[in-house]
Each structure stands twice: as C-alpha cells, then as structure tokens.
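With the hints as constraints, model all of the structure from the sequences given.
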Amino acid sequence: MRFQDKVVLVTGAGRGMGRAIALAYAAEGAKVVVSARTPKYGQETVEQIKVLNREAALVGGDIADRAAINSMVEGAIDHFGQLDIVVHCAADTAHGLITEMPDETFDHLVRSNIQSLFWLAKDAAPYLTKAENKGRIIFISSGEANRKYTPTLIPYGSSKAFMNAFARGLAVEFGALNILVNVVEPGLIGTDHMISTLGEELPHLLAEHFPVPRLGQSADIASAVLFLTSNEASYITGTSLLVDGGATMVALPKIEELLKKS
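Quick note on the UniProt record's numbering: the sequence shown kicks off at 1 and runs consecutively.
Keep in mind that the hints are not guaranteed to be accurate.
Within a straight-line C-alpha distance of at most 20 Å, the following computed SDA-like cross-link-like pairs (lysine to any residue) qualify [what the hints assert, rightly or not]:
1. K134 / K40
2. K130 / A165
3. K40 / Q4
4. K122 / K40
5. K134 / D62
6. K130 / Q82
7. K122 / A165
8. K122 / D62
9. K40 / H95
10. K122 / D78
11. K130 / R66
12. K130 / I77
13. K134 / T239
14. K134 / R2
No lab work stands behind these hints: they were computed from the structure.
Shown next as structure tokens:
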C-alpha cells in the first residue's frame, strides 16, 4: 500500500500500458484519475479499479487539445481535492517516410507528443508542489529515443527524444517546487496497439534477438513507474529508466531486416 491516499492522474489509461499503470496504483491504495481519449475504454478501466474497492474518476479528452489537458488536471482536483502524481502515458504514433507524410499528420504528432508535455506540466505544477513527500511527474517515452534510425519512425522517435530532454530540464526547474520528474522508456511491449501495428508474429521474432528474449508486458512498465514514484525513489529526478529487455543494445541490421520483411 505504498500509495495509500495518493491521487494519481494517468493519461492514456484506457488501454495497454496506461491501464496497467492505473490498475497497479489502485492495487496499492491510490485514488486514480483515468484519462482516455475513448470514453468507453476509460470507463472500463474505472470499473476494473472499482472492483478492487478503490476510488477512480474518468476525465476524458485528447492530449492534442489544450483545453482537454486543463480539464484533466482540474478534474482530479474536483473529484479528489488534490493531485500527487501525474503519469503521462498517452501518445500518438505516425508511421511513414518524411517525404510522404502529410503536414497535418506531423502537426498532430507534435501537439500530442510535445506540446502536451508543456501543457500538462504547467497545469499540474500548482497542485503537485503541495504534495506530501514531493509531487511526481513521469513521462512515458520510448526506447526509440535512443536509436539512430528505425524505418518509418523518425517523427515518433524524435518526439520521444524531445520528451527526454524536456524532462531533464523540467527536473531542475521543478526541483525548487518540491516536484520530481523522471522518464520511463518502454521497449517492445505487447500491447493491443503494438500487435495491431506489427501483427501477432513479428514482435516475437524481434524479441528473440534481445538479451532478455521475450516481448515486454505492460506490467513491466507499471512496476518501473510505481518504483520511480515511491518513497524509495525520493532521491531520483531527471533520469530515464530504460525498460526494454536490452533491445536498444541489439545490432540494428537484425531489426531492420525483420521490419523490411514485414
């Protein structure tokens, strides 16, 4: 019960890693504010939390929408009167070659993966600074931020590299506000979105080349997030925790060859 009476806002909590993170916090006593672009999925997460006899509230919205970000934060205050932890898991992915990508696609990626960081940090800071034992912000980045090149993922990987840099600077600025800021970088995680993008077989073929030769699970990411927001991590800020089974250490030609075959 490391998070008894804490209020946690999780964006992208309707499915996949975000839902796993929300449920993990609830299992350890937190009151969870669930943000999801699709209300149906968000409500499913809320209902699963209530099965654990924990409190939860749904605050919908698209992270690419400035007003929606503000409503997420204010919704947490309206429902529970405080905000202790923010986990920003929601993101968009744009696949394609730069020369073929529509301007609108790239613009939306920037709003979702870059501008949302600024909006969320700005709106949450006045409440997080009041948190007991320090407020916490966790950004869910990606191992793609550490790769030189993965086919069709230049915009996505670049946006996550920006996230890592933003978090490091924010950790310094927010240190004076009693807020710790860290990043978790997932590798290849077996979410519904991942499977729908790469298919059932390819992710497992890729994972066979990793030092830990298996596909990551959402629970692996949830465990890392909970550690970084626990009292055990009260002296950690401005860092990125890579949770990828060693994937970024694998020679890229192996990965690229499999991706091209797909």
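Comparing the hints with the structure gives:
no.: 1; hint: K134 / K40; in the structure: 33 Å, violated
no.: 2; hint: K130 / A165; in the structure: 25 Å, violated
no.: 3; hint: K40 / Q4; in the structure: 27 Å, violated
no.: 4; hint: K122 / K40; in the structure: 28 Å, violated
no.: 5; hint: K134 / D62; in the structure: 27 Å, violated
no.: 6; hint: K130 / Q82; in the structure: 8 Å, holds
no.: 7; hint: K122 / A165; in the structure: 16 Å, holds
no.: 8; hint: K122 / D62; in the structure: 17 Å, holds
no.: 9; hint: K40 / H95; in the structure: 26 Å, violated
no.: 10; hint: K122 / D78; in the structure: 18 Å, holds
no.: 11; hint: K130 / R66; in the structure: 23 Å, violated
no.: 12; hint: K130 / I77; in the structure: 12 Å, holds
no.: 13; hint: K134 / T239; in the structure: 16 Å, holds
no.: 14; hint: K134 / R2; in the structure: 14 Å, holds
The earlier numbered hints that this structure contradicts are 1, 2, 3, 4, 5, 9, 11.
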